[in-house]
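K.L.:
Listed here are the chains, written in short residue letters.
Protein chains: 2
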Amino acid sequence: VVVSIIGLGFMGGSLGLALRRDAANTVVGHDPDPQADAAALERGCVDRTESTLAAACADAEVVVVCAPVAALPAVIDQALSAAPAGIVTDIGSTKEGIVASIDAAQRARFVGGHPVCGAEVRGASQARADLFDGATWLLTPTHDTDPARYATLHGLISRIGARPVAIAPAAHDRLVALTSHLPHAVANLLCSQAAQGRIDGHDPLAAVGGGFRDMTRVAGANPRIWVDIFLDNRVALAAALREHRRLLDDVVAALERGDAGYLARWIGDAAAARRSTLAAAFGDQASDLHRLALHLPDRPGVISGIAQAFGAAQINIEDLALEHFSPDRGGVLEVVVAGADAAQRALQLLDEQGYAAVATPLVSDEDAP
Amino acid sequence: VVVSIIGLGFMGGSLGLALRRDAANTVVGHDPDPQADAAALERGCVDRTESTLAAACADAEVVVVCAPVAALPAVIDQALSAAPAGIVTDIGSTKEGIVASIDAAQRARFVGGHPVCGAEVRGASQARADLFDGATWLLTPTHDTDPARYATLHGLISRIGARPVAIAPAAHDRLVALTSHLPHAVANLLCSQAAQGRIDGHDPLAAVGGGFRDMTRVAGANPRIWVDIFLDNRVALAAALREHRRLLDDVVAALERGDAGYLARWIGDAAAARRSTLAAAFGDQASDLHRLALHLPDRPGVISGIAQAFGAAQINIEDLALEHFSPDRGGVLEVVVAGADAAQRALQLLDEQGYAAVATPLVSDEDAP
Chain A
7 VVVSIIGLGF
17 MGGSLGLALR
27 RDAANTVVGH
37 DPDPQADAAA
47 LERGCVDRTE
57 STLAAACADA
67 EVVVVCAPVA
77 ALPAVIDQAL
87 SAAPAGIVTD
97 IGSTKEGIVA
107 SIDAAQRARF
117 VGGHPVCGAE
127 VRGASQARAD
137 LFDGATWLLT
147 PTHDTDPARY
157 ATLHGLISRI
167 GARPVAIAPA
177 AHDRLVALTS
187 HLPHAVANLL
197 CSQAAQGRID
207 GHDPLAAVGG
217 GFRDMTRVAG
227 ANPRIWVDIF
237 LDNRVALAAA
247 LREHRRLLDD
257 VVAALERGDA
267 GYLARWIGDA
277 AAARRSTLAA
287 AFGDQASDLH
297 RLALHLPDRP
307 GVISGIAQAF
317 GAAQINIEDL
327 ALEHFSPDRG
337 GVLEVVVAGA
347 DAAQRALQLL
357 DEQGYAAVAT
367 PLVSDEDAP
Chain B
7 VVVSIIGLGF
17 MGGSLGLALR
27 RDAANTVVGH
37 DPDPQADAAA
47 LERGCVDRTE
57 STLAAACADA
67 EVVVVCAPVA
77 ALPAVIDQAL
87 SAAPAGIVTD
97 IGSTKEGIVA
107 SIDAAQRARF
117 VGGHPVCGAE
127 VRGASQARAD
137 LFDGATWLLT
147 PTHDTDPARY
157 ATLHGLISRI
167 GARPVAIAPA
177 AHDRLVALTS
187 HLPHAVANLL
197 CSQAAQGRID
207 GHDPLAAVGG
217 GFRDMTRVAG
227 ANPRIWVDIF
237 LDNRVALAAA
247 LREHRRLLDD
257 VVAALERGDA
267 GYLARWIGDA
277 AAARRSTLAA
287 AFGDQASDLH
297 RLALHLPDRP
307 GVISGIAQAF
317 GAAQINIEDL
327 ALEHFSPDRG
337 GVLEVVVAGA
347 DAAQRALQLL
357 DEQGYAAVAT
367 PLVSDEDAP
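Sequence lines, in order, name chains A and B. The first sequence: position 354 = 360 (this note's numbering), numbered continuously. The second sequence: position 185 = 191 (this note's numbering), numbered continuously.
Hints should not be assumed to be uniformly reliable.
Unchecked claim - A few chain B residues that don't get close to chain A, going by computed Cβ distances all over 10 Å:
{"no.": "1", "residue": "Leu47"}
{"no.": "2", "residue": "Ser57"}
{"no.": "3", "residue": "Pro90"}
{"no.": "4", "residue": "Gly103"}
{"no.": "5", "residue": "Gln112"}
{"no.": "6", "residue": "Asp150"}
{"no.": "7", "residue": "Tyr156"}
{"no.": "8", "residue": "Gly161"}
{"no.": "9", "residue": "Ala174"}
{"no.": "10", "residue": "Pro210"}
{"no.": "11", "residue": "Ala213"}
{"no.": "12", "residue": "Ala346"}
What the hints assert, rightly or not - What the simulated footprint calls covered on chain A by chain B, stretch by stretch (three residues with Cβ under 8 Å from a Cβ of chain B suffice, anywhere in the stretch; the number is not a length):
{"no.": "13", "segment": "217 to 229"}
{"no.": "14", "segment": "264 to 273"}
To be verified - Derived coverage of chain A by chain B (criterion: at least 3 residues anywhere in the stretch with Cβ under 8 Å from a Cβ of chain B; other residues may be distant):
{"no.": "15", "segment": "128 to 138"}
{"no.": "16", "segment": "189 to 201"}
{"no.": "17", "segment": "243 to 256"}
Keep in mind that the hints were calculated from the coordinates and are not lab data. Built from N, CA and C at the ideal position, the CB exists for glycine as well.
When you get a sec, could you build the whole thing from the sequences and use the hints?
P.N.:
Set out below in structure tokens:
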């Protein structure tokens, strides 16, 4: 397949690398920034670059537009004209607006796309061929979509190792509002609120623990990107925030009437939901995950000793987190392993290294506090 | 100092171990459950146990009540009678109600307490002598408090390595509502909302990513404990939730009027707040932390190789998280190190092991998305 990638940053570059693992694909790239073109060429993301979008798209069967959200409508429009036989898609994080913006005469040849995987960095020089391996790649075909061209795009995404999933554009935006934009906004809200000032002389921001830091890891992320994302999905995000407020009001009312039964059911429902998210991430192992917690001094090499012992014993680390309390104090290392047997062997290994670790099932209702 | 610990679970047992590192302390314990007494004795948490609270408190200069929240008023009252010369404190997570419940004639000898450190597990058999090292230990003296007895308690807490901080009881409850109970409630809310049902046939709980799982790690925790905590602090928690709703309404309004300036300032404020929390956790290093991100296959030993290379090069791992995407796909390992030099050396080491990692400053406004 001849694929044109317009926009050769980290995502576009990684897509090029992924496509070029298959010699049957030809990847032609274009970026308005000549330095981005050069970086993508040097990293091997593309077979060649072209200095104009039109030249890059001329022979394309598939055009993937990896431009910033604000530039998408114009660039997609140009791509549809420049590749008169091809199908055009994008990788933006919202879909309803962009699908609606497509000229009626061109709708057969545009399908919105959204690969769900983190872009931790910028620039094709950091691109990764395996970025999309196993990742969900949401696609938003409509009744206007040309079936044959859609099949070409769908097959291409499957063959690079991603999992294409079709969803209606509006449903896509509601789904990402709920699973991504709402949590992001709530992380910002928690930070704003804790920053409102001292309580009796104590700064809340200095009093937060690892739990608060976990919940606000994404807070304050790049405003130039997130303002666009929030505004682009403002209808669905505002609806999700209003629903969050409605559920919050129910909890406030339960607190005010001292309703222990309501709160217990609410917590139980949250526990069930959390189990579902773990099942989605860990598959069959989810019901048999065990968390080992141990206190760790803060000095080089201590994590290494533990990881090495686990590796030697063929115990796979499913998840790992270090709650850093302070430089003097060290932190608590949490390691998640699959299976009661692995957990027991891990406890034994830790004991041999002098760590008094404890194991608890990850998804039990009976978690210790 | 002769210290009596009433309630020999993980917290009471750990306190006993911490106190017994100093031969000048004598620790007498009591738990209504004889098996808890036996476990604490076997683990060396106490010098001796007594079968009644009265006998355990008879000679105590300090009594620390480590009972469940619901039992606190009654047990504290018994302890005040049983230790007529001593000072009594507790370790409950809310303070205004318990301080108000103390009989006026006894208020000179009761000071509320709250060591701020995670209790990951249950039972004295898992107790840790270093649990309180460097931890903030909030104390709520009032104008009724006897200064000499308070000095005894304050000194005892300092000498086990914790950091006593005095705060008014009501301010304590507002502070923990904001920094602990509100984030916990919001994590439950995010789970409840994502569990409300399918969107166009897609289960939101199966579509969440690592960010959502980070934010909901505490969701659904032990209802038997958290219902009590929420209800005990319901006034301050309801106030914090209402303030959360007020800030949320401002964001909804900004979204509805498409106010990019408001959203950018809001994100910027959240970024500043997050920097403050990092400064509190990491001290002087906070402004020079660097996050290295790399893709990791999911098999035993890979983390070990990395941690070992860092340890050998004397690069200290300040923070660590594994975002587990799926068993097929592996995950993204995030490692935080202090100093640009350490970050460069770490990148070099990773490159030698074949990992294409990237480093970004942790607290820059210019974080990649």
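K.L.:
Please list, smallest to largest, the hint numbers that this structure does not respect.
P.N.:
9, 10, 11
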